[in-house]
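Now for the letters of each chain:
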Amino acid sequence: MHSGRRRRRALTEKRESPWSHRSFPEAAKELLADSQIRRNVRHATNVIQAKRNRVVAELEDWEQLREAGAAIRAHALEYLDNYLVQFEENCTRAGGHVHWARDAAEANGIILDLLRRHAAKEVIKIKTMTSEEIGLNRNLEAHGIHPHETDLAELIIQLGHDKPSHFVVPALHKNRQQVREIFQREMNLPDLGEKPEDLASAARAYLREKYLRIKVAISGANFLVAENGAVCIVESEGNGRMCLTLPDVLISLVGIEKVIPRHRDLEVFLQTLPRSATGERMNPYNSIWSGVHAGDGPKEFHVVLLDNGRSPILADSEARQTLQCIRCGACLNACPVYHQTGGHAYESVYPGPIGAILTPQLHQMQEGRTLPYASSLCGACYEVCPVKINIPEVLIHLRSKVVQKDQKTIAGRLGLWNMGMQAAAFLLADADRFSMAQHLGQIGQKVVVSQNGFIERLPLMLSGWTQTRDLRPLPAQSFRDWWAEREKAKKNYASHETIKRNDTKELGDAGKH
Amino acid sequence: MPESIDARTAILSSIRTALGASSRPDTATIDASYSALSRRYKREGALQSEALLGLFTHRLIEYDAGVTRIARGQIAVEVARILTERKRMRIGIPGGLPSAWLPAGFDFQNAEHYSEHQLDELDGVLTGCTVACAETGSIVLQTGAAQGQRILTLVPDYHLCVVLAEQVVETVPECFARLGSTATLPTTIFSGPSATADIEMTRIKGVHGPRFLDVLLAM
Ligand code: SF4
Chain A
1 MHSGRRRRRA LTEKRESPWS HRSFPEAAKE LLADSQIRRN VRHATNVIQA
51 KRNRVVAELE DWEQLREAGA AIRAHALEYL DNYLVQFEEN CTRAGGHVHW
101 ARDAAEANGI ILDLLRRHAA KEVIKIKTMT SEEIGLNRNL EAHGIHPHET
151 DLAELIIQLG HDKPSHFVVP ALHKNRQQVR EIFQREMNLP DLGEKPEDLA
201 SAARAYLREK YLRIKVAISG ANFLVAENGA VCIVESEGNG RMCLTLPDVL
251 ISLVGIEKVI PRHRDLEVFL QTLPRSATGE RMNPYNSIWS GVHAGDGPKE
301 FHVVLLDNGR SPILADSEAR QTLQCIRCGA CLNACPVYHQ TGGHAYESVY
351 PGPIGAILTP QLHQMQEGRT LPYASSLCGA CYEVCPVKIN IPEVLIHLRS
401 KVVQKDQKTI AGRLGLWNMG MQAAAFLLAD ADRFSMAQHL GQIGQKVVVS
451 QNGFIERLPL MLSGWTQTRD LRPLPAQSFR DWWAEREKAK KNYASHETIK
501 RNDTKELGDA GKH
Chain B
1 MPESIDARTA ILSSIRTALG ASSRPDTATI DASYSALSRR YKREGALQSE
51 ALLGLFTHRL IEYDAGVTRI ARGQIAVEVA RILTERKRMR IGIPGGLPSA
101 WLPAGFDFQN AEHYSEHQLD ELDGVLTGCT VACAETGSIV LQTGAAQGQR
151 ILTLVPDYHL CVVLAEQVVE TVPECFARLG STATLPTTIF SGPSATADIE
201 MTRIKGVHGP RFLDVLLAM
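Those protein sequence lines, which keep their order, are chains A and B. In terms of the working numbering, the first sequence has 318 at position 318, counting the first letter as 1, and numbering is strictly consecutive. In terms of the working numbering, the second sequence has 60 at position 60, counting the first letter as 1, and numbering is strictly consecutive.
FYI, nobody ran anything at the bench for these hints, they're computed from the structure. Quick reminder that beta carbons are idealized off the backbone N, C-alpha and C, glycines included. Warning: the hint list may mix true and false statements.
Which chain A residues stay away from chain B? Per the calculated CB distances, all over 10 Å, these [claimed, not checked]:
hint : residue
1    : Q36
2    : P147
3    : L159
4    : P190
5    : Q340
6    : L377
7    : E383
8    : R399
When the alpha-carbon atoms are kept at most 27 Å apart in a straight line, the in silico DSS-like pairs for lysine-lysine are as follows [as the list claims (entries may be wrong)]:
hint : chain 1 : residue 1 : chain 2 : residue 2
9    : A       : K401      : A       : K488
10   : B       : K42       : A       : K388
11   : A       : K210      : B       : K205
12   : A       : K401      : A       : K388
13   : A       : K299      : A       : K215
14   : A       : K388      : A       : K51
15   : A       : K51       : A       : K195
16   : A       : K121      : A       : K299
17   : B       : K87       : A       : K51
18   : A       : K121      : A       : K195
19   : B       : K205      : A       : K195
20   : B       : K205      : B       : K87
21   : A       : K121      : A       : K51
22   : A       : K51       : B       : K42
23   : A       : K210      : A       : K195
Just chain A, same shape as in the assembly (with noise of 0.2 Å):
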């Protein structure tokens, strides 16, 4: 354990930013090596999985709720600009400012900006996924301006210098006893406790004197409702609530997708989240304000509306539903690849297959491209997902995309991977050339099949599949040839069955078989 925390940090500390560019298969194979962190985070993913299953079986219109949850974000998508300026128009009239940012730069921009303003020194957050994806908390500390983490899992994040790895549940790779030396060395607790209650009651105090100090607060939101300017925030420990009505100035940092039309609609959204996201039937709290209200809260509101790739997305009629996400987290817990490996892996902000999905379409396919191969498409994230969004449909689109990338350059053409997607389509297009293949395999395959029955290694480029399993063999008959022969018995059958049906004294067994 001791050499892989080391390996850890390591690699840490090697990288500028904190998503680097490596693969998913090279990334994972590192991590499937940490027995530690898998053990982890099986237990943590089945943990929820199974409150999450229960507290939806509870709900008979749970379908409906999906489809409606969909139905919403799917429209909201349609009449983006729409939605968007009516928001800026009433989150501006409630007393809000409304800032636009094209991509990540700008968006660190306009926050520098603004703190630079109050002369802010310290700003406390509360956990958002669109900071990490700009970079947020990197480019305040280059600018002499320190951020605090204020939800726990990522204060534990922040102070054991790591990145999150779901985004639900941010640091479900640490177990109680890690959590616990992070504590001791970073807030000088030499005689902390291992108890969950201890390390809360260390948050507790180490963050309540920062909520009562520091005046400038960055937020993210889970929705803007276009219709009256309010923002919704759920969350659990209510470390949101000191950060939204504590400080005197708050900039929230959204996603321009995040936008629903109606209040009302959050009567779908806050039953599917928290049910979804933590198996909870209600999150422990959801806040939602619009603009400023005197005498309670801060006395400065601003949004910033962040593109960063997002507009581009729906140009495909068929991967915009990727932009549909609520960012429950239920397709990561409900993933066996990402059982497997963690969030890491994924190398990006965005893990699991939402991730698999969203971060190289946010990237124009130029970055993340081995992510929509990280998945086996068994269906389970598309079965989960509160908006139903088909996952691996979206999945199979992108690969085709990012094939017909690689179509474009020599490279890509001649890479091994395409050449073996192509003889694949050869094969594939052809039922002769097909079963032609498959007896060629039953042949060939004599000499790989261990003798449990097992292909326990496969040579050379395949060599990667069996590293983790073991794969049957092609069975002595194909599919085809079996159903070619059951086609003919039916016929067989059939022509015997009219015979007995003569028979009166038969049709009581024919029933039974």
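Got chain A; can you put chain B with the ligand on it based on the hints?
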């Protein structure tokens, strides 16, 4: 900020280009499309009052809140009993709280304009609410009479909340229907005491919000 205006134009036009329409639909078209959205989920609950209050009570207990069912005329008596039991004497109250709820013998302070530091000195806070949702065990507070500003129910470590029976609805949609006219007021929907499950998915009570919650359900 001139760059910001440029960014606004650029983002909106990028969205319009991506959506592939040279002229964008008018408000009537958008509203018609919105009204046609599928909404076949449950809106109204079916539970009668006894079962409804039973469900609400059950949910709160699951969250580890204290719940007592009391008669409307007994609020002050019950407030006195529970505060004595919890040994909480200095209690912040919002403006507009019915004076009939306040028993003698306690230090009730109108905390409407208290700073966070002053609130931090209190033993607890006593409020009413706007509406409550039985299915999820949630209580909704909005800035205003008998509920105060948001900070009042956030900084003190103890919250005693009086919920009137007619304020309890069954479903989340029913709850939002009641909030319709006051939607823009600062709103907090809370479900039990503050909690986290960030360490090994163990739910622990009380991180930053009030760690202790008692509800008096008045019939
Ligand atoms: S894709 Fe669906 S399941 Fe995954 S995080 Fe987004 S909303 Fe949740």
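Okay, the hints, checked on the actual structure:
1. Q36: holds (13 Å)
2. P147: holds (17 Å)
3. L159: holds (13 Å)
4. P190: The claim holds: P190/A sits with its nearest Cβ about 19 Å from chain B, beyond 10 Å.
5. Q340: holds (18 Å)
6. L377: For L377/A, whose nearest Cβ neighbour in chain B is about 27 Å away, the distance exceeds 10 Å, so it holds.
7. E383: The assertion about E383/A holds, with a minimum of 18 Å to chain B.
8. R399: Consistent with the label, R399/A stays out of reach of chain B, its closest Cβ about 22 Å off (over 10 Å).
9. K401/A - K488/A: Given pair K401/A, K488/A is violated - Cα atoms ~42 Å apart, limit 27 Å.
10. K42/B - K388/A: holds (18 Å)
11. K210/A - K205/B: The given pair, whose Cα atoms are some 21 Å apart, holds under the 27 Å limit.
12. K401/A - K388/A: holds (22 Å)
13. K299/A - K215/A: Measuring from Cα to Cα gives roughly 11 Å; hence the hint holds.
14. K388/A - K51/A: holds (20 Å)
15. K51/A - K195/A: This hinted pair holds, its Cα atoms lying about 22 Å apart.
16. K121/A - K299/A: OK: K121/A and K299/A at ~19 Å, within 27 Å.
17. K87/B - K51/A: The hint is violated at about 36 Å.
18. K121/A - K195/A: violated (34 Å)
19. K205/B - K195/A: OK: K205/B and K195/A at ~13 Å, within 27 Å.
20. K205/B - K87/B: holds (20 Å)
21. K121/A - K51/A: Between K121/A and K51/A the Cα gap is close to 41 Å, so the pair fails against 27 Å, i.e. violated.
22. K51/A - K42/B: Given that 27 Å is the threshold and the Cα spacing comes to 22 Å, the pair holds.
23. K210/A - K195/A: Holds, at about 24 Å.
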